[in-house]
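Protein chains in written order, with this note's numbering: chain Y, 1 to 626; chain W, 1001 to 1460.
Hints in this document: simulated from the structure, not taken from any laboratory. Check the hints yourself; a few may be wrong.
Said to hold, decoys possible - With a straight-line cut-off of 30 angstroms between C-alpha atoms, the simulated BS3-like cross-links for lysine-lysine are:
1) Y:K616 with W:K1073
2) Y:K417 with W:K1366
3) Y:K111 with Y:K3
4) Y:K183 with Y:K3
5) Y:K417 with Y:K183
6) Y:K269 with W:K1200
7) W:K1347 with Y:K596
8) Y:K269 with Y:K417
9) W:K1450 with W:K1401
10) Y:K596 with Y:K269
11) Y:K596 with W:K1101
12) Y:K332 with Y:K287
13) W:K1101 with W:K1401
14) Y:K111 with Y:K29
15) W:K1220 with Y:K287
16) W:K1347 with W:K1220
17) Y:K269 with Y:K183
18) Y:K596 with Y:K616
19) W:K1200 with W:K1401
20) W:K1366 with W:K1220
21) W:K1401 with Y:K596
Since the structure is predicted, the reported quantities are computational estimates derived from the model, not experimental observations.
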Amino acid sequence: MDKNWNIIVVGGGHAGCEAACAAARKGCKTLLVTMSRATIGAMSCNPAIGGIGKGQLVKEIDALGGMMAQAADYACILYRLLNRRKGAAVHGPRGQSDRALYQQYVQHFLKSQNNLTIAEAEVVDLIVQHQHCQGIRTASGEELSARAVILTTGTFLRGCIFQGTQRIAAGRHGEAPATQLAKRLLSYGLELGRLKTGTPPRLDRHSIDYHALTPQLGDDEPHYFSMLTETTQQQQIPCHITYTNTSTHEIILRNLGHAPAYDGSIVSKGPRYCPSIEDKLHRFADKTSHQIFLEPDGLNSDLVYPNGISTSIDIAIQDQFLHTIQGLERVKVVQYGYAIEYDYIDPKNLSLALELHQLPGLFLAGQINGSTGYEEAAAQGIMAGLNAANRYQELPDLIIARHEGYIGVMIDDLTQKGIHEPYRMFTSRAEFRLRLRADNAPQRLCPIAIEQDCLDTARMHLYQKQQQHRDLALNLLHGLSASPHQLRALDIPVNQDGVVRSAYTWLSFPQISFDELIRIWPELATIAPETRQRIALDCHYAHYTEVHEREIIQLRKEVAISIPRDTDFSRLDSLSHEVRQLLTQNRPQTLGAAAKIQGITPSALTHLMLLIQSNKLPRLNVAEPQ
Amino acid sequence: MNFSDTIFALSSAMGKAGIAVVRISGLHANTLFGTLIMQPPAPPKQAQLAQFHDPERSEIVDFGLYIYFAAPKSFTGEDCIELHLHGGLATIQSILKILGKIPNFRPAEPGEFTRRGFLNGKFDLTQAESTIDLIDAETDHQRRAALAHTRGALHQLYEGWWRHLTELRAYAEVCLDFPDEELPEDLETHILAECLRLTKEIRQHHDTTPQGERLRLGTKIAIIGPSNAGKSSLLNYLTQTQAAIISPIAGTTRDSLEHHVDIAGYPVKLVDTAGLQDTDDPIEQEGIRRARTHAEIADLVMIMFDGNQPISAYQEFLSIAQNQPYILIINKIDQEFNCNNGIILSKFDPNNTVSISLTHAIGLEKFQNLLHHHLQQLAGNSHAPIIMHARYQHALHTTLKALHNVTQMVHIAQNTQQNPDLVLIAEELRIGLNSIAGIIGRVDVEDLLKIIFSRFCIGK
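In isolation and in its complexed conformation, chain W is listed as follows (with noise of 0.2 angstroms):
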């Protein structure tokens, strides 16, 4: 049997582990290949290193073993790969990330792998008795986590946007199914200016992604700056004074530290810039670019500076801050002031910089207000539901697309003076609801004639 669409998950379970394994199944398996894997693909079933690549960013994501099964030599039946990676959740989040970007790639739906494995006929009857259990457990597992998401503000929001939805098809329905019947005629406008209403609700909630992926993993602090400007001591700072310590991890892929911290509520990962500035290495300059690639990849730069030093190679943290979310710390202030500083730091947004003096413990509190405003920011405030999962992104993307093909369409028409093919535009709405639908479950015409009936008197 041949399904189009490939399929991927994370099989291990959510969390923190020394391995985490990425299934992928499906006829386009293959062309990891030479793109996510840089290699040619390893005899079946047998373990290989390998990196693992973004293809986009041309740049290594993770290293581990994969695992090739060749089908019909595999669980599903189809040609799978398993890719067993470092279990960081960041790792785990960018490879999830790379497979969704490729066409025909999808996340799976609970349970799929074992429907395809089913249907493929994977399973003998002594098979298939024992794996009952086993199965259980995996959906289980699955449908907890579901349902608690299901049951918060998220599933009221995509209700909502389901209702309406549904309504808006209702609309375009019941021009298709009683024609003869006296309907409203700005039918075609309301479900332009519907669209257009919904687009950019359901967008701005889409675009919380990188907030949700903060908000759940951790929003990631760089502390950059010259030797002995002080960053030890605001690390020590923020992870003594401030809040429990989740642990410190070893990173993974990278010569550095993450300490998992969790300030006003928000968890953060502070990456330690220290080590590397605090040997004796002389060469400056390789401190800088160093400082650099982990600013890149941080959502907010601390830049710290020793306020009666004199300022070097500035240059480069001006370039940084002009890119990204940064807080500007001017430290020892209890000290004497390099007034040739005064030139340099002007150069800098005043509203993100403050000064302190962390060993007489002034000007903390304004640090701390500051910082607290920038995780709001990047993190999102709780009020607004924030998506925490990469199906449910996946669906409101189709949502989007599919309403944006109606608007297009109606705007041709209504460029050239022709009618709408109707009909497409409720295939495209049908397409939209079903999506959303499939997040909160819920697929069935008769909502739709009960709208129709409700607002409309039909009866010829």
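Next up, chain Y with everything else stripped away, as it sits in the complex (with noise of 0.2 angstroms):
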């Protein structure tokens, strides 16, 4: 094989497939290094893309010119639209996923990208130079060199999985870990801390009794996550509710000595908005039922994934306590249950980029940097694969900000806040969500794309065909006038001010709708239903937004005032200890970032502010390879 790379990705999860494709999308030289070939693209846990933040996600790498959305698209039996009734701004596009389909899409993607190679072999070394990260040696001993090497180790770090009192090292179930490379990690003076998720078990379809349960159908007008989607693809399955009840309760209770994360072998934390049934239980008491969403892993499998019971409990207690719920009475497991540990690094590390301060060359995404989810993963994935080839293409770092994606929301917080639990999107993290939606994911970021060269361009021109139209609609919408008494002619209750206004003014009046609008200017109809929509919303929340367009000038000239990434915070002998340690602790690479952190005070601010500006700043020494 050959032995010089531009870049290399290792491993072949959500992340490593978009940073893999993105780096090799950008022209470079790409090798994807996975333990098995045959598990690239697998989805680990549920079966289904999207949700609410993780939908946009997923839309936003669409618009960044990433796989997840089409893959998403390819192998859906069931669209919902979240939060469909609660404002546009935070309707979250989810769909159930056919996993073998999914996996075949994502396969087949990789294997007809240019400029990628995809090798087996399990890494366990960095080839570290002049403090650079520069290749990987693999158990074999074969040294392949890089510009820049990602990182997407996902739960293989010294993985290790818990059911009951069995503790098997694994970085999924039957998959062998990575625990050389933990190691090797650690010697480069890398701190590496533990954290744990959980799945349920599996079930078998032909043993569930779906007569006395609850189908949950999808959406009439299935909401596609790719710009490029235009029909489903798939025939289209109900997934069905059940519950636990308290017979299921009393079981696992009594048997919560047999589960590891109470008989104290597993102490790191697990996700607070993903818990076990037995974590339920336990910090719930008072509830005598919880959901369970009995979600089908695809047309042609006869597994079910039964959401909301996440166990680890000894698995003679888990078909226990499954005999207990409605339509499981009789159900087969045919894979139980368990918690995994694995190893992250403190994303603290990393800049903006995703690369590691203190390993320049190496960059990180996806499960290694504490975040869960295949969506978070990916959308890091495409992130560090487009700085990685930006990296060896010498051009600057793509940074999305927090109001132009959530993806920039979310690599942030990763960065600049740290976690205290695997970190999943919600879209109360994004302070301008009102413009973060998932239908103007396109708007947002294809430009970005287009700049950064890694857009197709299929994606490209429906983009500007989708800005031509808007263009267009809204020059038609501000030609137009009308006064409330016109309004009122047509049955429109208006407050009669006698102001005239402009057809685009009107449609931001709550009682106006684009139909409306049309009984008034029946030459706004040539508006494409699609167009109309988009700027429908725009409106609805302009009031908002423009408070926002404030902030975020003010957060853009603070943003822009970068705090070298080799600042040695401790050193920074003007400032007081407290200050000092606050920064050190949370290393903020901007200005506004620094502003962000609780306790720094305005003076500090000020001071650091000087020191940037007069370059006086002490610097870090980069770790050496012990």
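Make one complex out of these two single chains by using the hints.
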């Protein structure tokens, strides 16, 4: 095999695949190294893509030319737009995936990607020269060099599975962990932490009694993930809903001693928003029932994923409690639930381009950064891939700002604030979420992708067409005007203040819909429904987004003042001990980030500004391998 | 760089001084010409004498110097105006209050002028080095001032609201971020009820602003009445027997004397109109007109009559009494009472009337009690925390507005039987929360998530 590459990606999960494809799209000669070619693109946990916040991430990946949205559309067997009734800004597209089809699509996509080669090997070490990561070493002793390396190890770094009293070293069920690499990372002076996550048992579809269960159907009008998708590609099948009951709870509570999280074997932090059924019962003792979604694993699969009862309790108890649940009285378990503990690297060690401060040339993406979720991993993957390519091509870092996308919010949160538990995207994390809608992702990010030279022609043309339609529509809306009197004549109730307003302004009135506008000006019917909807939403939120605009200007100025990555905050003698400590812990990369740290005084900020401008910040000594 | 807000602050130290400097910086600083400063802008960097005007009340608040610095040649790089006022606290407060009411104007955050200056590239390296000490002094002073407030009862109060608002926002956010969970159905009603409750609490506190000002700067009491009623004696009695005299300060813009005294723990500014009437001015009408002006700006008026002299022009006094807090004092009750006065005096509230003799020390205890009672009403009892800072008031105002918008949205939705846009409700709650969080310095989405995960069983 060729020994020289532009970019090497380690790992073939959601982060690794997006990273490799992004780098290859940018024209870099890219190698993806995985322990098992067959598991590339595997969905390790639930067979679904999207959701609140997550759906927005998928749309953003798509607008940047990524793969996930197309894979999700190809494999989707049930589309649901979440929050449909709660305000368009938080609509979250979600789709049940056929696990096999998803994986098939990803593997096919990678195979047909230019500039991308896939190799099967275990990576055991990094090649570090002049304090830069310059390649990898495999278990067979082969050395492969690259300008940049992207690690996307998921749960494989010293992964350990817990199931009752059993513990098995594994990166995923039945797969070996990456133990040596973790040890090498430690030797570069990187601090590793432990996180845990869990997964429920997988059930045999034929052993479930569906008669008494409520089906959950998909949307009549599916909301596709990719801007390229025009039709539903697979047969659509329902999910089913069932519930735990007091008998279930009794069994679990009586046997908590057989659950590793409660017998003291697991001490690491798991996600609060995705608790095991043990955790739910323990923390919400007064709830007598918990909802379970029985999600089909695929059209031709016999597996069912019971969403809501992740567990690591002893396997005999898993059987027992499952049998108390309606519809599952005679259920057969194909694979038992387990908890998995794995290493992560404190993401505060990363730049906003996802490159390690201590080891330039090494980029990290996905669960290794303390995040959780396919979408979060893929979004970091595409950004790490683009930035590694930029490093190779000697172009500036690509940083998406917090007001430009959920991707920007996530990477900013991870690298500037660090994590306390596996990080998942929530819309409440995005202070500018009114502008970060799923429907306007292309509008927000396609220009960036075009500038980064990573957008295919199909998306580019589509985006340009959308923009043309939008511009035409806006011209039309701004050019037409009417008085309140004219509106009243059409029975549209508005305040008779005598002010003549443009059609665009009238649209921002909550009681005036686009259909109403068409009644006034029939020529507006020429505007395509999709464009209508997008403009109507812009108007709906305009009052708030204008206020945000001002906040953003200030944010941008502060963000524009960057703090050198290798600043040694501990040697900022002019600042108080407390402030130095806060800065060392948080490693802000911009003045804006520093301002957000709790306890940083205005005076400290001013100091910092002065020192940046006078180039007098003390610098770190970069770590040497030991 | 364009900041949309125009900021202002007292740039000299707070406290009594000969001169106080208020600095204004920003895009809209120029709008002060023709409103606060009743003249076109003077050439930049030249001191200019001017009257400072309250555009709302059309009255002159102070006169002094101002210097105009045109952008970019100013400390901040923006249009700047420095007002050099007389150093009286009341003057400073009125000017700050006027500025706060102008659209796009807001009080500056600590260190904000310096930051703007920096972001606009106003400092070169050498200047930067040498200003470090100066900046430190500035912010240190501000930090100490802020700390004194945040440690006390106020901090507790604001933190309580911050917690409630965070909780309220968590209730909205949980519906948005976890739609497939089994959540309580009455969250909307809950949000509405809590909003109304919080609004009431915050408004009550917000409306204590005058009390806070009186507590900090002194309750203003004017003594008015006809000549020889005994006003000077009353003044002497209050300043000499009553309390430590702080100092009699010559008024800055007014031709009367202010005596700063401490009555029962309340700082009081006694405005002495005696000087006006003890002259041999034959035109009593003029005296009454002046007394009236004093009475209008006072928080409490003491109307004093000589019980044995016939009372003339009482209508003026009566109309004052009808418009603001007062105490009616009938002096010289040791002497014979003029029976004709009875009918006039009965037009005043007997509960606000005391009969005394200053020379024979009769009825003084009752007078004292009545005075204390009024002071308590006016300057607040010290059990409830009171707003002491214009920046807090501004922040609370923003919060109240946001809560108002939330209740409006919920009401409209309920009336039209539609779902309110929960995202916008959450956005208003975020605005309201951030404003309070700015006072106590806490803004973190983690606090929000902590509440969500401890209150609701999330986990599909």
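Regarding the pair Y:K269 and W:K1200, is the alpha-carbon distance no greater than 30 angstroms? 41 angstroms, violated
Checking one constraint from the list: CA of W:K1101 to CA of W:K1401, max 30 angstroms. Satisfied? Holds, at about 15 angstroms.
Given the hinted pair W:K1450 and W:K1401, is their alpha-carbon gap at most 30 angstroms? It holds: about 26 angstroms lies between the C-alpha atoms, which stays within 30 angstroms.
Given the hinted pair Y:K596 and W:K1101, is their Cα-Cα distance within 30 angstroms? Given pair Y:K596, W:K1101 holds - Cα atoms ~29 angstroms apart, limit 30 angstroms.
CA of W:K1220 to CA of Y:K287, is that 30 angstroms or under? Violated, because 60 angstroms separates the two Cα atoms, which is more than 30 angstroms.
Going straight from one Cα to the other, do Y:K111 and Y:K29 come out at no more than 30 angstroms? 14 angstroms, holds
Are the Cα positions of W:K1347 and Y:K596 separated by 30 angstroms at most? Status violated; Cα separation ~62 angstroms.
Starting from Y:K616, check that the Cα of W:K1073 is at most 30 angstroms away, please. 27 angstroms, holds
Checking one constraint from the list: CA of Y:K417 to CA of Y:K183, max 30 angstroms. Satisfied? 26 angstroms, holds
So if I understand the rule, the pair passes when the alpha-carbon distance is 30 angstroms or less; does Y:K269 with Y:K417 pass? 17 angstroms, holds
Within 30 angstroms, alpha carbon to alpha carbon, are W:K1401 and Y:K596? 25 angstroms, holds
Given the proposed pairing of Y:K332 with Y:K287, does the C-alpha separation stay at or below 30 angstroms? Roughly 27 angstroms between the alpha carbons, so the hint for Y:K332 and Y:K287 holds.
Of the numbered hints listed earlier, those contradicted by the structure are 2, 6, 7, 15.
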